Amino acid sequence: MSIRKKSPWILHYNCGSCNGCDIEILACTGPKYDVERFGIINKGNPKQADILVVTGPVTKRTRARLLRLYMQMPEPKVVVAVGACACTGGVFRHMYNVENGVDRYIPVDVYVPGCAARPENILKGIALALEIWEKKTKDTIEIPTVIKKEYEKIVAKMLMHGQVVDRRKIIYDLVSKYIQRKLETPKCD
Amino acid sequence: MYKNFKVIETSLEKLKDDIKNFYDPSKYHFITINAIDFGNGKVNLKYFFSKYDTMEEPIAFSLDVTYEDTIPTITDIIPSAWISEAELADLFGLKIEGAQKGLFLEPDSPPAPLRRS
Amino acid sequence: MGNKMIVPFGSQHVALPEPVRFVFETENEIITNVEVDVGYVHRGIEKACQTKIGYKQVAYVVPRICGLCSISHNMAYIIAIEKLLEFEAPKRAKYLRVLAHELDRIHSHLFAMAHVAEAAGYENLVMYLFRDRELVMECLELLTGNRVQFDYGCIGGVNRDLTPEVEKELRKKLKKLEERLFWFRDVYLNDYTLNLRWKGVGVIPKEMAEKYNAAGPVARGSGVRTDARAEFDALPYRELGFEMVVYEDGDIWARNMVRMDELLISMRMIWNVLDGLPEGNYKENVKGMPKGEAVCRWEAPRGELFYHVRGDGKQILTRMRVKTPTFSNIPVLKELFIGANYADVPAIIISFDPCLSCTAR
Numbered sequence: 052m053s054i055r056k057k058s059p060w061i062l063h064y065n066c067g068s069c070n071g072c073d074i075e076i077l078a079c080t081g082p083k084y085d086v087e088r089f090g091i092i093n094k095g096n097p098k099q100a101d102i103l104v105v106t107g108p109v110t111k112r113t114r115a116r117l118l119r120l121y122m123q124m125p126e127p128k129v130v131v132a133v134g135a136c137a138c139t140g141g142v143f144r145h146m147y148n149v150e151n152g153v154d155r156y157i158p159v160d161v162y163v164p165g166c167a168a169r170p171e172n173i174l175k176g177i178a179l180a181l182e183i184w185e186k187k188t189k190d191t192i193e194i195p196t197v198i199k200k201e202y203e204k205i206v207a208k209m210l211m212h213g214q215v216v217d218r219r220k221i222i223y224d225l226v227s228k229y230i231q232r233k234l235e236t237p238k239c240d
Numbered sequence: 415m416y417k418n419f420k421v422i423e424t425s426l427e428k429l430k431d432d433i434k435n436f437y438d439p440s441k442y443h444f445i446t447i448n449a450i451d452f453g454n455g456k457v458n459l460k461y462f463f464s465k466y467d468t469m470e471e472p473i474a475f476s477l478d479v480t481y482e483d484t485i486p487t488i489t490d491i492i493p494s495a496w497i498s499e500a501e502l503a504d505l506f507g508l509k510i511e512g513a514q515k516g517l518f519l520e521p522d523s524p525p526a527p528l529r530r531s
Numbered sequence: 583m584g585n586k587m588i589v590p591f592g593s594q595h596v597a598l599p600e601p602v603r604f605v606f607e608t609e610n611e612i613i614t615n616v617e618v619d620v621g622y623v624h625r626g627i628e629k630a631c632q633t634k635i636g637y638k639q640v641a642y643v644v645p646r647i648c649g650l651c652s653i654s655h656n657m658a659y660i661i662a663i664e665k666l667l668e669f670e671a672p673k674r675a676k677y678l679r680v681l682a683h684e685l686d687r688i689h690s691h692l693f694a695m696a697h698v699a700e701a702a703g704y705e706n707l708v709m710y711l712f713r714d715r716e717l718v719m720e721c722l723e724l725l726t727g728n729r730v731q732f733d734y735g736c737i738g739g740v741n742r743d744l745t746p747e748v749e750k751e752l753r754k755k756l757k758k759l760e761e762r763l764f765w766f767r768d769v770y771l772n773d774y775t776l777n778l779r780w781k782g783v784g785v786i787p788k789e790m791a792e793k794y795n796a797a798g799p800v801a802r803g804s805g806v807r808t809d810a811r812a813e814f815d816a817l818p819y820r821e822l823g824f825e826m827v828v829y830e831d832g833d834i835w836a837r838n839m840v841r842m843d844e845l846l847i848s849m850r851m852i853w854n855v856l857d858g859l860p861e862g863n864y865k866e867n868v869k870g871m872p873k874g875e876a877v878c879r880w881e882a883p884r885g886e887l888f889y890h891v892r893g894d895g896k897q898i899l900t901r902m903r904v905k906t907p908t909f910s911n912i913p914v915l916k917e918l919f920i921g922a923n924y925a926d927v928p929a930i931i932i933s934f935d936p937c938l939s940c941t942a943r
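Chains as they are written, first to last, in the working numbering: chain V, 52 to 240; chain D, 415 to 531; chain H, 583 to 943.
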């Protein structure tokens, strides 16, 4: 985990932007802004990426691709929406082939404003994304340990009573209960 | 009316012959095909050409068609015109020989968005 | 003995900055058929410009078609409208337009060349090019106030004047940049590995470029003499020392050398603008409603940009059509792939410098 924290890899996907924000993201990887000093590398592979950087107001043809990329990324993952049109649709809002922003399809953690977003802002956004990513990492470690204990208890009880054990169903019930509990407890930041 | 380009009027039957007689790949650059919908069921098509390396004004072949007409393709004279024709078929819903739909639009996009009626 | 394989390429790929999808049918690594899907970025800007946005605001919407050549869209539209209104911009405004547009060309070409170098695996050169590109970005920010979407031109002139302080700063930065450009030209011309990778790869003969109506550096790299700056009287290019760059080879190397030499020509035009900037207004009020039809051909960094506008005396235009450079380069790109080696595909695509957000609008 510490390796991933020190060098998170980003995946960049353009879903209908004007290339303005894209070239600013590429300028971030250049020598002047140099995002690589934080250990961040722009990789094209979703299965190795930790942060998804999305630009553009999600056109109708790119939405399925965007969802697929998001699904393929390993947990925990953070989404950064770069540019005015990725946040709200911007100047393209309510055009006939546009879905008005990334957050209609996937949960967005950081919104970076600007048309086009300045490299300084993009750097700030990625730094914020790293903090959120750390928080999420703690959450995901917690889940298996809690569930594991309960699962062992239940299985032992069932075996003692001579019942047939459906392991998948037990895990499914436990996880859904756990998520329910998480959602009900108020968040404190 | 036409501020800075020349217009040659033609018709649906004569279009292919006119372009065949006019077009010489080493002299003229084919720019694009453009359509204007006036909202009364009529569409004005313009085929733009320009001459290489001179200051001459662009030349446009202009003709009026309706949405029911089948427009002949010019890809046998100008092979690169397929992309312009596919765009017209997609965004206007015009019937063009051999032009496939789906260059830009998805199944749930509005059909023929640039049509006025 | 064919070993048939279907290889999808895109819409998200390491070598591609933009969403475009190719499906290659290969036989022993040689491509036999290709399908191309360019519609990933279609947003419907033309429809919005014809139905809900007034003709003066459209000048600030069309730059959002493409971020790399935003100023080309802005100015091509403005010039088309000025032709409709029969209005001549003041001379100072024309010179400032040339200045902003040529600076934009430099930044776009440096970006394209960096990408081609990346496809050849030359990481050092990429970083050098990106470092020196920042000089141009700073110049553009000084002149216009923003790094990418400038919205510099407006109907009747430009939105900002060039003050003496900015001019001094520009001269300082441009001098530094010019020295670097000569060094880059030396590298591109003489570097052994780059020549080995690029010479004779992806060749477009002159006949093919003419047959498929290629535009911009692609056509000029194949020996076709076409440049909208010499074919349409949009701005006073001739008196600022414009010259057409033509290479005969038609391969990736030639396309790059066209870009490289155009940078030096642009540099010369910028110096001429700065030295001979006329006094006077930089903006004038324009009255009237657009009535009639007009076109504008404009040399964007990737080739010929074409605007066709029609107004019927109302605030909202009847028709506004944009034909972008990559749109006319897609047919020749598709044809070029057949018979090429699959390993050359990224280099060939990037040497065209495709701009898909232009193509699909």
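Since the hints were made in silico from the structure, they are not lab data.
Model, not experiment: these values are computed from the prediction.
Mixed in with the good hints there might be a few duds.
[Said to hold, decoys possible] Distance windows between CB atoms, simulated:
hint	chain 1	residue 1	chain 2	residue 2	range
1	D	Asp478	H	Gln897	24 to 34 Å
2	H	Val589	D	Pro524	30 to 40 Å
3	V	Glu203	H	Asn706	20 to 30 Å
4	H	Leu778	V	Val226	28 to 38 Å
The beta carbon of each residue, even a glycine, is placed where N, CA and C say it ideally should be.
Regarding Val589(H) and Pro524(D), is the given constraint of 30 to 40 Å on their beta-carbon distance met?
holds, 34 Å
Satisfaction of the hinted span 20 to 30 Å by the C-beta atoms belonging to Glu203(V) and Asn706(H)
violated, 56 Å
Cβ separation of Leu778(H) and Val226(V), checked against the hinted range 28 to 38 Å:
violated, 56 Å
Mind checking the hinted window 24 to 34 Å against the Cβ distance between Asp478(D) and Gln897(H)?
holds, 26 Å
The structure shown violates the earlier hints numbered 3, 4.
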